[in-house]
Amino acid sequence: DSGVTQTPKHLITATGQRVTLRCSPRSGDLSVYWYQQSLDQGLQFLIQYYNGEERAKGNILERFSAQQFPDLHSELNLSSLELGDSALYFCASSVKTGEAFFGQGTRLTVV
Amino acid sequence: DAKTTQPTSMDCAEGRAANLPCNHSTISGNEYVYWYRQIHSQGPQYIIHGLKNNETNEMASLIITEDRKSSTLILPHATLRDTAVYYCIVRVRDSSYKLIFGSGTRLLVRP
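Chains A and B, in that order, give the protein sequences. Reminder that position 109 of the first sequence reads as 109 in this note's numbering, one-by-one numbering, no gaps. Reminder that position 8 of the second sequence reads as 8 in this note's numbering, one-by-one numbering, no gaps.
For reference, chain A alone in the conformation it holds in the complex (with noise of 0.2 Å):
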């Protein structure tokens, strides 16, 4: 157990549709960063917080956003889902310069 905690573990859903995917980090943990992996895809990086403020963005869609809350918790938002957005989204945390620890993911599909 990573002490990552991702919620829901699957997710079924219309295209069109708005999900939102929860992660609470490991105790102490500032920093949240969010992946998506596609089905024999690697891990593509999405977007991570730290303390709350975006730190760094990578290959995320303009119908994609997230956000981490005061209590460290992060959200990510997927909004006009495709079929080509299913997929697992993995959360990692970490405090600023140390490993990075990862949640068991959320299985999206989008039908």
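Take the hints with a grain of salt, since some may be wrong.
[What the hints assert, rightly or not] Quick look at which bits of chain A chain B covers, simulated, 3 or more residues with Cβ under 8 Å:
no. : region
1   : 10-23
2   : 81-95
3   : 98-111
I should point out that these hints are in silico values taken from the structure, not numbers from a laboratory. Ideal Cβ positions, reconstructed from N, Cα and C, are used throughout, including at glycine.
With chain A fixed as given, assemble chain B onto it according to the hints.
Positioned in the frame of chain A, the structure of chain B alone reads:
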């Protein structure tokens, strides 16, 4: 960002040492080498990291060449549960310290 090159796949016999190489010839002087693994579709698992000295923990050993242009991850006694995709990552030393994953090495441990 410093890029890494890893073999696409490797295999080894159960109980033997697994040596996974990684080239990172453009690594900068203060960039760390990190290793993660991903078992099936689980969240990536941190293994070890190092700067220039060799490192060892309960999971593995990391050998970094003197010029830091390559490294080897050693699993001393591989088990079937070590079958996974192993990622060698040079951690970006900007304000985010994000992890950029490549394609990794798919390690198959044979009975």
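Item to complete: Test coverage of the region 10-23 of chain A by chain B using CB-CB distances below 8 Å; three residues minimum.
Response: It is violated, with 0 qualifying residues against the three required.
Item to complete: Quick one: see if chain B covers the region 81-95 of chain A, three-plus residues with Cβ-Cβ under 8 Å.
Response: holds (count 4)
Worksheet entry | chain B over the region 98-111 of chain A, status - at least 3 residues with CB closer than 8 Å | holds (count 8)
Against the hints set out earlier in the document, a violation occurs for number 1 only.
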